[in-house]
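Participant: The primary structure of each chain is shown beneath.
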Amino acid sequence: MDDLTQDRIGQLIDYIMKNCLWQFHSRAWDRTRQNENIVGMTTKILCGEPVEAETPFDKCYWVDAVCLADAYRARHPWLTEMNADGIKTLMTGLLERLEYLTVTGSLNAELTDQHY
Amino acid sequence: MPYHEFECSKVIPERKEHAVDKEPGEDLTSCLPKGYLNTIPGSISERGCAYCGAKHVIGTPMKDVLHVSHGPVGCTYDTWQTKRYISDADNFQLKYTFATDVKEKHIVFGAEKMLKENIHQAFDAFPEIKRMTIYQTCATALIGDDIGAIADEVMEERPDVDIFVCNSPGFAGPSQSGGHHKINIAWVNQKVGTFEPEITSDYVINYVGEYNIQGDQEVMQDFFRRMGIQVLSTFTGNGTYDELRGMHRAHLNVLECARSAEYICNELRVRYGIPRLDIDGFGFEALGNSLRKIGLFFGIEDRAQAIIDEETAKWKPQLDWYKERLQGKRVCLWPGGSKLWHWAHAIEAEMGVKVVSLYTKFGHQGDMEKGIARCSEGTLAIDDPNELESLEAMELLKPHVIFTGKRPGEVAKKVGVPYLNAHAYHNGPYKGFEGWVRFARDIYNAIYSPIHQLSELDISKDEIPGNHGFVTRRMLSDADLSDEIRNAPHLSEYDGKFDCLAALKDKTYPEFPRRVAAAE
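As they're listed, the protein sequences go chains A and B.
Under the working numbering, the first residue of the first sequence is numbered 1, with each subsequent residue one higher.
Under the working numbering, the first residue of the second sequence is numbered 1, with each subsequent residue one higher.
Wrong hints could be hidden among the right ones.
As the list claims (entries may be wrong) - Under the rule of at most 25 Å between Cα atoms (straight-line distance), these lysine-lysine pairs were calculated in the DSS-like manner:
| no. | chain 1 | residue 1 | chain 2 | residue 2 |
| --- | --- | --- | --- | --- |
| 1 | B | Lys354 | A | Lys18 |
| 2 | B | Lys10 | B | Lys34 |
| 3 | B | Lys103 | A | Lys18 |
| 4 | B | Lys316 | A | Lys18 |
| 5 | A | Lys18 | B | Lys329 |
| 6 | B | Lys323 | A | Lys18 |
| 7 | B | Lys95 | B | Lys105 |
Unchecked claim - One-sided excerpt, in silico: chain B residues whose CB lies under 7 Å from chain A:
| no. | residue |
| --- | --- |
| 8 | Leu32 |
| 9 | Glu128 |
| 10 | Asn289 |
| 11 | Lys293 |
| 12 | His345 |
| 13 | His364 |
| 14 | Gly366 |
| 15 | Glu369 |
| 16 | Lys370 |
| 17 | Ala373 |
| 18 | Ser376 |
Unchecked claim - Here are the in silico distance ranges between beta carbons for each label pair:
| no. | chain 1 | residue 1 | chain 2 | residue 2 | range |
| --- | --- | --- | --- | --- | --- |
| 19 | A | Asp30 | B | Pro41 | 25 to 35 Å |
| 20 | A | Glu96 | B | Gly378 | 21 to 31 Å |
| 21 | B | Gly378 | A | Thr112 | 51 to 61 Å |
| 22 | B | Cys8 | A | Asp113 | 23 to 33 Å |
| 23 | A | Asp30 | B | Leu454 | 15 to 25 Å |
| 24 | A | Asp30 | B | Met475 | 48 to 58 Å |
| 25 | B | Ser376 | A | Glu96 | 21 to 31 Å |
Hints listed in this document are in silico derivations from the structure and should not be mistaken for laboratory results.
Backbone N, C-alpha and C define an ideal beta-carbon position, used for all residues, glycine too.
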């Protein structure tokens, strides 16, 4: 991954970490579900693609995705200059980094505690 | 791992893994203290017990209930009125608390008979109250009193009453957090689904993990009503017993304090298919985003935006007045659990202060993850600190103010550090746009109170200055400000009322036509 992409992912991650709560549900599987759905929908919104949010659960992912996409657009003008492929590549990297920070690399021992 | 070893705790080596410094380059995969473990012997914890967590955090804010502790009177007396979770029911739940006053003879011969007599006496004394919660304590749990069986007997004898039994004795977890978990699960198991509420809106929420500290719930409820949203129940601040039995009919669970109440949200999701949306009621941006998200969920985001615009226009200039005067002030953010992450970033971004340390008494590692993610580099994060560690941290970090509970707060005052009550607040509510300004005002008043200049003088050795008069807060806070900021016409001090809730009591709200009614 080139330095520019890495730097941009860092900026996007920093916003999530400082302003969002959805990535910190209490179990590993729960966090992965949140991360994949919300980052996935945010990617579609940023690419101008339609998002289906039929169920109440999908709607919850969607509202967080809408707010995240709006915040990204407002804070990072370079996003609006990227094409859809570029955004998808960037957001794939973001999801990987987020999963690492909150799930696979997390030091939180409760994430996999069967008795929690 | 960038562990922080306190000099005072070198004799307790296990403590080292409970504190970290967030240094440059550190992230959550390299910087996280241990948490939610049994307090290490020898470390004098500031935690509460699982009974206290169940009763005094979650159970007691319910406003139309006789709250009974089955145990020694000290369990109730020593924890009575330690919170400021007010209610619009004339604060009944704060004024009255009940205990069975178990003594040695009951430990030997059992206390069930006496419990039953107490239940009847309480209902007889307050005939207008028909709901009761009973809390197990260590003593009565150890002798095996069956509170549930007694409650069933009474409900059979008095068909108009309903009783909830919470089996969370003090030893049922490492801290009060164990009690939060137990009462969440007990409530959803015993009571949710046993009452059918009246639905009056197309948009129905449970407001979960909100305890109406100095009126927080009433402030947030005002926003929801202005949006045409029915708050079916609040778990549990200013909430009623029967509303909370009807939680299963909500369309959305809006979760404020995930530390104390995510359990019931997760259960309601699985059992009743109600989704969970985590929100932040503290801070302009976080609160604005929260209202907007709820609005988006129901397709009424324009109503949320109208509130955000109106409130921001009114209160932002006042928030910024304080922000200019709080720039760079060092803060130790030392609350119980969730406020370390609710506030960590918001106070830095919107009030200009610098969080130099955060700690949690009963938080889990998940709370520390959120807190460390939100604080900036250079912050010292501590899990379950003892008093000596707190003193050492204050000596090291030299904070201008700390936000904590009243016990460690009084310790701070003795070493010349002002404190604000992070649990019960000083002059709350702190939620809402106006509330956030009130918090900034309290921080300002704490830091710049002229009393600190006097209190830090030792009359036995310091020279007492007699050649100048008393200084005001404003003289202290504005000394280094530029004229441009000092006289900025668009900034002003807080001008709200002492009781900012009074206006909400008789307020009328817009009526929005219901989609269901229109279809009919």
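Participant: All hints, please: hold or fail.
Facilitator: Do the hints match the structure? See the list:
no.	hint	result
1	B:Lys354 with A:Lys18	holds (14 Å)
2	B:Lys10 with B:Lys34	holds (17 Å)
3	B:Lys103 with A:Lys18	violated (51 Å)
4	B:Lys316 with A:Lys18	holds (21 Å)
5	A:Lys18 with B:Lys329	holds (20 Å)
6	B:Lys323 with A:Lys18	holds (19 Å)
7	B:Lys95 with B:Lys105	violated (29 Å)
8	Leu32	holds (4 Å)
9	Glu128	violated (38 Å)
10	Asn289	holds (5 Å)
11	Lys293	holds (4 Å)
12	His345	holds (5 Å)
13	His364	holds (6 Å)
14	Gly366	holds (6 Å)
15	Glu369	holds (6 Å)
16	Lys370	holds (5 Å)
17	Ala373	holds (4 Å)
18	Ser376	violated (9 Å)
19	A:Asp30 with B:Pro41: 25 to 35 Å	holds (34 Å)
20	A:Glu96 with B:Gly378: 21 to 31 Å	holds (28 Å)
21	B:Gly378 with A:Thr112: 51 to 61 Å	violated (31 Å)
22	B:Cys8 with A:Asp113: 23 to 33 Å	holds (31 Å)
23	A:Asp30 with B:Leu454: 15 to 25 Å	violated (53 Å)
24	A:Asp30 with B:Met475: 48 to 58 Å	holds (53 Å)
25	B:Ser376 with A:Glu96: 21 to 31 Å	holds (25 Å)
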